[in-house]
Amino acid sequence: MRKLTCDACGHVNPQGTSICSECGKPLQIDSNDIESNKSLLNMRYDGSAVRSKTHNKSIVDKIWNFFSSVKIGVTLIVITLIASAVGTILPQEMYIPPNVQPADHYKDEYGIFGQIYYQLGFHNLYSSWWYMILIALIGISIFIVSIDRGVPLYRALTNQKPTRHESFLKRQKLFSETDFVSQDDQENIIFSLKKHRYKVREENGHILAEKGRFSRWGPYVNHLGLIIFLFGSLLRFIPFMHIDDFVWIREGDTVVIPKTDGEYYVKNENFILETYDEEDERFSEAIKNKGMVASNYQTDVVIYKSTGTQLIGQDPDLAEIKQGSIRVNHPIKFDGYALYQSSYQQNEFSSISFKIHKAEDKDEKALANFTVDLTKPQSLYELENGYRVEIDQYFPEYFLDEGVPRSKSKYPRNPAFVFFVYPPNQGEPEISFAGIGRNVSSGEGNEYKVGLTGFEMRDVTGLSVKRDYTLPILGLGAAIFMIGVIQGMYWQHRRIWLHPKGNGLMIAAHTNKNWYGLKNEFAKIIADTEINMVIDQEQEDD
Amino acid sequence: MSKIEDANIRKRNKKRNRLIFRTIILLVLLAALVFALVSNLTKEKSMIEKGDQAIPFVLKQLNGSNDTLNLSDLEGKGIMLNFWATYCKPCEQEMPYMESLYPVYKEKGVEIVAVSVDATELVINRFVEKYQLSFPIVHDRDGQVMDAYNIGPLPTTLFINPDGEVVEIVKGPLTLSRLEGYLQQIQPK
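So the sequences go chain by chain: A and B.
Residue numbering for the first sequence is 1 to 542, as defined by the working numbering.
Residue numbering for the second sequence is 1 to 189, as defined by the working numbering.
With the rest of the complex left out, here is chain B (with noise of 0.2 Å):
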């Protein structure tokens, strides 16, 4: 064994490990990298996607017979969650239509639920009353679950299938027929 033969295995050696450092310092450095671009393009998104999960929530029902309206005891039905407040025009504009399907759609297993974010209990009612409205109507007054939903615009409504995926976010008002065609994609088959 020479010495020709040492300082080449040597060599090799020292060129292996330094590949082997290079790699690693790099990946290490492209790992950072990646993470800074996701994390920047995720920031801003909103917490609740197309094809989430619903985000369970309990809230205060101010007609119908039920005192409150638990999300999770809606589980098996497709259920429309309507973001709306007496101040917000469109959403004004839209409830005629919610009431007008309501029936139709309660028969074959959709629920329509209307989150109003308004701060008093008094002008939900009176807003009830004017519109006859019959679909649950529960009272977001501190704005929780509109966070929890990350909900911008009112009115943005979410349709929910009955395994409780997300399948259809809509910000701004609906028409009659976009509606139907909404809740017919929900409907429990």
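Chain A with its partners taken away, still in its complex shape (with noise of 0.2 Å):
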């Protein structure tokens, strides 16, 4: 490994420096650089080298390098972007209808272009392998190039002289020389930078006045949220750390709730649809454009919790351990769980009853009546007067298929029946088919037939099942990110170099932003003095 021996003061620097962290003096690396001699200084992390340009010998240390290189962090962002961009050209496989074959629906919906989409991996971009690869090379690189850069970085700005060669502060972009400063005005312009909140260092005349240095970590402070968010992500895929999951309950049905390992149960004692008054004034005109606004949805529902341990199948033995309403927005929280309200549907029936009446009759007066509850039918109902009716069928959805009747689920939406009804005292039944909106005998002569009298509906909830323990990470993670960008953004290191020569005064400004700003302190600075204003020499050389 190479050391640069500064010729001013002799002090040796590591590999890659280019300013004299003892002096200041700027080191020349090769020829080429005399060029720039006149040159203003890159004053990038303060003329310290980077530690990954200091040595490139085993394979961590090239691995180390790669991943240090800003070069390969922006790349890496701007292919994560393209990727980023790619995937919102169409619509992910999650937000596609769920009842089509996702390869069919990608070319008929959009042709050719959909298939290669489709076949490429698109349609799940975000959850992709090399995507999460992209963004994991993203925070390696982060992390590698906060470490590499802000390390040399503190320690040159934890150890910086107030002494500098002159060189440092003839190549500095604002510069001036007084060839006459007297003995008030360097006291002046001591105070007047303190009184500007400037810390004043002195060495042997040579003095340092620097402020808002803590604004140079923004970008590291920035950093390290963003680790911390990835991590907390990273978090995500950990079934203890975070669920996601949704569940249907029927009213009055108990379910176990998906993702907790049977532990706990769900029972849905009633759900609420309420809609906005149609007869307050406030309300009627929009609902007669608009039709009705639903203004709650709400989940009356009892947490069970399973004691002992079952087998899969087996009927628990549920201890209740909460009880409450879960609307919008308002989850009924129970040891780090979270149910919330997030669907309905109304469409199902849980009863309905019969009457049997005579065929011929007019009133269709009942001789006998029956309720059939769906969730649990029997074979047969005994009824008065000596009736019997049998259920031969049920379909709880029904619909012809090519004339044959079948159920299209479980779900009792649309349920049909065929019944045997058995009249007092005859062995024979006669064959009825009835259902919603439909009662047919299905034997032309028959004497009895079965009519609908009423049904009971209910509603179906759907809640959503949620554990996130990540999320006062990623929060954590989000504001240290947040404060390190305003560290970084509103606030500047400035800092004013002032170096005695004879009697006179060479004086030099760095900023990292805001030479407008700086420019304009200095000048208030120096306002009771007769001390030349600073020169910006990158304009006088345009």
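The hints are simulated quantities; they were obtained by calculation from the structure and are not laboratory data.
Careful: at least some of the hints might be erroneous.
To be verified - Restricting the straight-line Cα-Cα distance to at most 16 Å, the calculated cross-link-like pairs of lysine to aspartate or glutamate (EDC-like) are:
no.	chain 1	residue 1	chain 2	residue 2
1	A	376	B	121
2	A	410	B	121
3	B	108	B	52
4	A	322	A	335
If you follow the hints, you should be able to join the two separate chains into one complex; please do so.
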């Protein structure tokens, strides 16, 4: 490893240093830089060596140096941005209708482009392995870049000496030289610097006035926040830390809460859907225009904990732990879980009542009544006056499949029955078909008919099951990120060097941003003195 | 001992420490990356896969002489675990195949268990009567077993060998010859 010895003070600097850390004299790395001798100094990282540039030997160092490159980091970010944009061209898989095959959907809706999009896996882009690797590489890059630059910068700034080499001052952007400065003016400027809240340090008449150094840590604080944020999102893969599931519950039912390993159960006591009052004049006009507007979705629930261990499928022993109402944005919380109101269905029947009457009776006078509980239909109903009804077939969601009655699902959304009606003292049943909105007796010569007299419906509530212990971590990361942004954004690291030369004074000023502000401030500092205003050497060159 | 030697030793230590530091950090970051990738890949996978042990359960049996069926009681037998429902047409189509092979393979130590995910016993009973099914039909009313096995489309059939290991998972209906092939695979030797 080549060391750089400063020819002014003899200090040995590590390779890659551009400004001697001891006296501030610019170090010439090779003859090409002679050209830049007159030009301004590059003050990035205060001229200290970025650690990765110092040596490059083992494989570990090579990997380290790869990630340490800001160019690589920016490239990764740009690639990720492009990929993220590509993911928005067509809807992601989670946003397409749930009842279609993704392969067909993309092809049918978007043609050959959609097909390619699907086949490249862009329909699940944000959870693809390569997208995750990109994000992870950015994280690694941020981490290593911060260590590699933050540490030397910190050292350089904490170790800086008030005495800087002449050429260091001369090659600053803001510089002035005053041939004669009176003792009074020397005191005035120091007083004035202090008044402007500069920290003033002195060494043999050389002065360094500095303020806002902590703004230099802004980017690193910001990166720390990002890394905490990425770490938090990594924890979301652990089921203990993060759960996001969904469960449908019919009124009156008790079901196991998913992702709780069968530990918790929830009972839907009642689902309530309230709408704004049509009579209320505040709403009546809007309701007339737009139709009914919901004012409340609510599920009254009881939460149970299962005691003891059961095999799957066995009825659990339940102990009530909580009772309450879930409304939109007002979840019920228990033992780290939260249940949110997120969906509902209203089209399910829970029971249907029928009567038996004579087919030719115009008044349809009930000879016998019965009610079928759709959650537990019996096969035989013994009725008053000696009638009996047997359910031959039950179709919860009735439809005709090429002329054959079938059920679409197990949910009683359109229940229909084939009944065997046994009149009193008769061995042979009559066959009747009955359902919502239809009651046909299948036999022509049927003496009896089964008619609908009423029904009860029940609602189904859809609850989201959530647990998220990563939120505090994500919040912390985001807060630290913002602190870093504010720190670096609203404060500037300003330095003013005073270098006595004979009876005069050389002055250089540097800031990491807002040169205009620094110039104004400097003008105020020297206002009551004969000291020359600093000249912007960069502008002069132009 | 000169200053130069001291400096060299210091330099060597510094280099070594730096190498250790960098290696540790890179390893930690790599571990985090691998963790994220593996978690993401396994997230959507079904809970049960070929080679896994069958998950024990107890369900109400709707036909035959037993009231309940405990899967663990069938240890030592090959088990065909069929998930179905009365409203599922392909399930209905494969039932006669299962019924026709059942008596033969029951003799050879293979049990067929059909798990219905219907809502009511009535519809299952009517179905069993219609097809005269003799193998055990159990009722997974709350869908708990279906969830535990993470069954997607119906029918889905698992073939479990006498050691309780899932050797085959078939999504969709089976033909008679394929069914027989799978049954032979789980037949105790």
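Do the hints match the structure? See the list:
Between residue 376 of chain A and residue 121 of chain B the CA atoms are separated by roughly 8 Å; this keeps the pair inside 16 Å, and the hint holds. Distance check on the hinted pair: residue 410 of chain A and residue 121 of chain B sit about 11 Å apart at the alpha-carbon level, within 16 Å; holds. As the CA atoms of residue 108 of chain B and residue 52 of chain B are separated by approximately 24 Å, the hinted pair breaks the 16 Å bound. For the hint linking residue 322 of chain A to residue 335 of chain A, the alpha-carbon distance of about 10 Å falls within 16 Å, and the restraint holds.
The earlier numbered hint that this structure contradicts is number 3, and it is the only one.
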